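Spelled out, the chains give:
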Amino acid sequence: MLVRDLCKSFDGQVVLDGISLSVAAGELLSIIGPSGCGKSTLLRCLNFLELPDRGEVRMVGHALRRDGGRWRRADEASAHALRAQVGMVFQAFNLFPHRTVLDNVLLAPRVVKRAERGLARQEAMRLLDKVGLAAVAGRHPGTLSGGQQQRAAIARALAMAPRVMLYDEPTSALDPELAEEVLQVMRQLDAEGMTQLVVTHEMRFARAASDRIVFMDAGRIVEEAAPDQLFTAPTDPRTRRFLRQFL
Amino acid sequence: MIRLPLLAGLAALMLLLAGPARAEPLRWASDAQSGAPYVFHDPADQSRLTGFETDIMAALGPRIGMTPVFVQNDWDGLIPGLQRGLYDVVIDGIEITPEHQAAIDFSEPYYRTSERIAVRRDAVGLDSIPALRGHVVGTLKDTLSQRLLEQAGGIRLRSYDDEINAYSDLANGRLDAVMLDAPIALYYAVPDPRLKLVGGPIGALSYGIAIAKGRDALKARIDSGLDAMRRDGTLRRILQRWAMWTPEMATFTGDHSTEVLPPAAWQHWLQATRPVPGLRERMARYAGFLPLIGRAALMTLAVSACAMVLAVAWGLLLALARRYGSWPLRVSATAYIEIVRGTPLLIQILFIFYGLPSLGVRLDPFLAGVVALGLNYAAYEAENYRAGLQSVPHGQMEAALALNMTQGQAVRHVLVPQAFRFVVPVMTNDFISLLKDSSLVSVITLTELTQAYVRLSTTYYDYLGTGLLVGGAYLLLGLPFVRLARVAERRLAAGQVRAARR
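Chains as they are written, first to last, in our numbering: chain Z, 1 to 247; chain X, 1 to 502.
Since the hints were derived computationally from the structure, they do not count as laboratory data.
Among the hints, erroneous ones may be present.
Claimed, not checked - Simulated coverage check for chain Z against chain X, where a stretch passes if three residues somewhere in it have a Cβ under 8 Å from a Cβ of chain X: (1) 154 to 164; (2) 196 to 207; (3) 234 to 242.
As the list claims (entries may be wrong) - Which residues of chain X face chain Z? A few of them, derived with a C-beta cut under 10 Å, are: (4) Val260; (5) Leu261; (6) Ala264; (7) Leu359; (8) Glu398; (9) Asn404; (10) Gln409; (11) Ser439.
Here the structure is a predicted model, which means the values were calculated and not measured.
Each residue gets a CB set at the ideal place from its N, CA and C atoms; glycine is no exception.
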């Protein structure tokens, strides 16, 4: 996955100021930085929940390039093709409260891919089993713990068979022990070779599990390095100042 | 295989039923709620249509080779309905005046009469128009009596829609006198022990059968039929049964026969409407109302349910257009909602039933009622659904889009089902108010609960008992839906004990 010179501003306020980034297949990349640095916006631009003003997103044979013009039908088609490669997990889970956990996982394959019911169901159960939720497949999300809900959300994203998973502060709404359940699933996916981008405040996880860490501030990438290097010998003073809070 | 013989059999049956040389129908309209002695439902048997005009039509039909078919319509809709071609003629004590003749044609008169003054039994004087000056006098709107009282000047005039209300206000002391057509006085003032008629007949007016302009052949046929009825004594015999044969009519028809028939129909009326003394008899009378109220309740329910289905479907489309449509769609949906919410439902009903035919759209009364109520309520439903859609957290749409659903798929599978549960309680509310608003379709000839109430209460002067009965029927209709909604709410809520968001 390749991102080149991504820019985005809201009402004249620059949020992303020329972000370029490449992510290798199978990599687990953590994005850290102070609140308001644009890390969530970056993630949301990668699957076009926000439309970047300019810049390019490129992924396994699909690309979408923007240079400030209007959003067109062709852009919509490219975005659709790119999204098919990308799964997303939200801080607030955003599970569909009116459907059971199983139906949450089933819905998109059935609606978007028109998957055959039996096969889709089989696949959904496999994914729920993988995240440890096979036993609660028939329950509604409202009756689950936060950790269970977030794991269900991961299973839901995986059901669309993405190449890349995006996580927007997946554990910020969770108690530490519940967060651990979720991080465990992400480690497991990493071991299976999934490409993952994680916006997180979970420094211990970032350091232990990431292949690489990106530090962002004020809409720019300040520093990117392997975890040990970034945590022990950050080169930029801003990175140092930020990391000091977590020590 | 089986279908062909079946169809053939049906066709043969229909031919048989149609019979050889069946007479052409004469569709005649009247408002059976407007009271005795014109066209009304027999107080002793609500399913039987009676009245001296009913008798005249029954006698006239065969005489001119036509089968009379009664069509009920609300008084105010009688002439518009005639012009619309809903039926062939109208007979309902309609006075032949130049104003009316500008809009419709009339047959030769079938009855001539005058106005009569009624006062309370203890009143003195007040027996002529000049004597009424300075007093409060009731009459019916748009009648000869009203014109005469207005011309006299100095009279405080109260115009009523309904003669029963006028006479009961007289008995209660709200009015000093009531002046109305003699037949009305005979049926509503004379039997009332608290009232008396004073003075002589005032003025002169003629009732004619109203026929749409341009139907000269029909008019000629009806006139020849009426003429024959005048000459052979048929008209006199009908009027004698109703105690309405007067010297004036004898002069007009030239029928000076000395035959005298007892006023059987009038006595039947007096008998059937006399105040019921015992509770038992009263209960028996109420029991007699039940079939009519039951049928009317079914009509109310059918109109309301169909209208609600239309309102839900159309309202959802409007809400989606308003929230997700392109700008022309948004603007049209908004305009529709504002216009429909900002104008009275009654006018919309009349517009759809009487107004649209001039644009070539003719709906039968049931359909017109359903369409009018449905289109009206859709505007309110649309706003409910819009609020419902807005109350679904934004993250739901994002999650659906992130799963690569299109906006349409997200709306359909994720947003609408969730918005729906927000609006169930409001929808129940709306349905109950729709049940009640359906009373407005009584103006386009549908016999639903409110019309049944008007019919029964005006026949018996019993606004209290009938009101309780009909009110009870409305309650019974609404209750199951309240319960149903509560069950639905509970079931929908069960899935989300805790909201699936922080």
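Evaluation of the provided hints:
Restraint check on the region 154 to 164 of chain Z versus chain X: 3 residues with Cβ-Cβ distances below 8 Å, three needed, restraint holds. With 0 residues carrying a beta carbon less than 8 Å from a beta carbon of chain X, the region 196 to 207 of chain Z misses the three-residue requirement, and the given coverage is violated. With 0 residues having a Cβ less than 8 Å from any Cβ of chain X, the region 234 to 242 of chain Z misses the three-residue criterion, and the hint is violated. For the restraint placing valine 260/X at the interface with chain Z, the shortest Cβ-Cβ distance is roughly 80 Å, beyond the 10 Å limit, so the hint is violated.
Taking 10 Å as the C-beta contact cut-off toward chain Z, the hint placing leucine 261/X at the interface is violated, the least distance being around 75 Å. The interface hint given for alanine 264/X is violated, since its Cβ lies 69 Å from the closest Cβ of chain Z, which is over the 10 Å cut-off. Of the supplied interface hints, the one on leucine 359/X is violated, with its beta-carbon coming no nearer than about 39 Å to a beta-carbon of chain Z, more than 10 Å. At its closest, the beta carbon of glutamate 398/X sits 5 Å from a beta carbon of chain Z; the interface hint therefore holds under the 10 Å criterion.
Interface hint at asparagine 404/X: satisfied, since its Cβ lies 4 Å from the closest Cβ of chain Z, which is below the 10 Å cut-off. For glutamine 409/X, the suggested interface contact is upheld, since its CB lies about 5 Å from the closest CB of chain Z, less than 10 Å. The beta carbon of serine 439/X is not positioned within 10 Å of any beta carbon in chain Z (closest approach about 36 Å), and the interface hint is therefore violated.
This entry does not satisfy hints 2, 3, 4, 5, 6, 7 and 11, going by the numbered hints stated previously.
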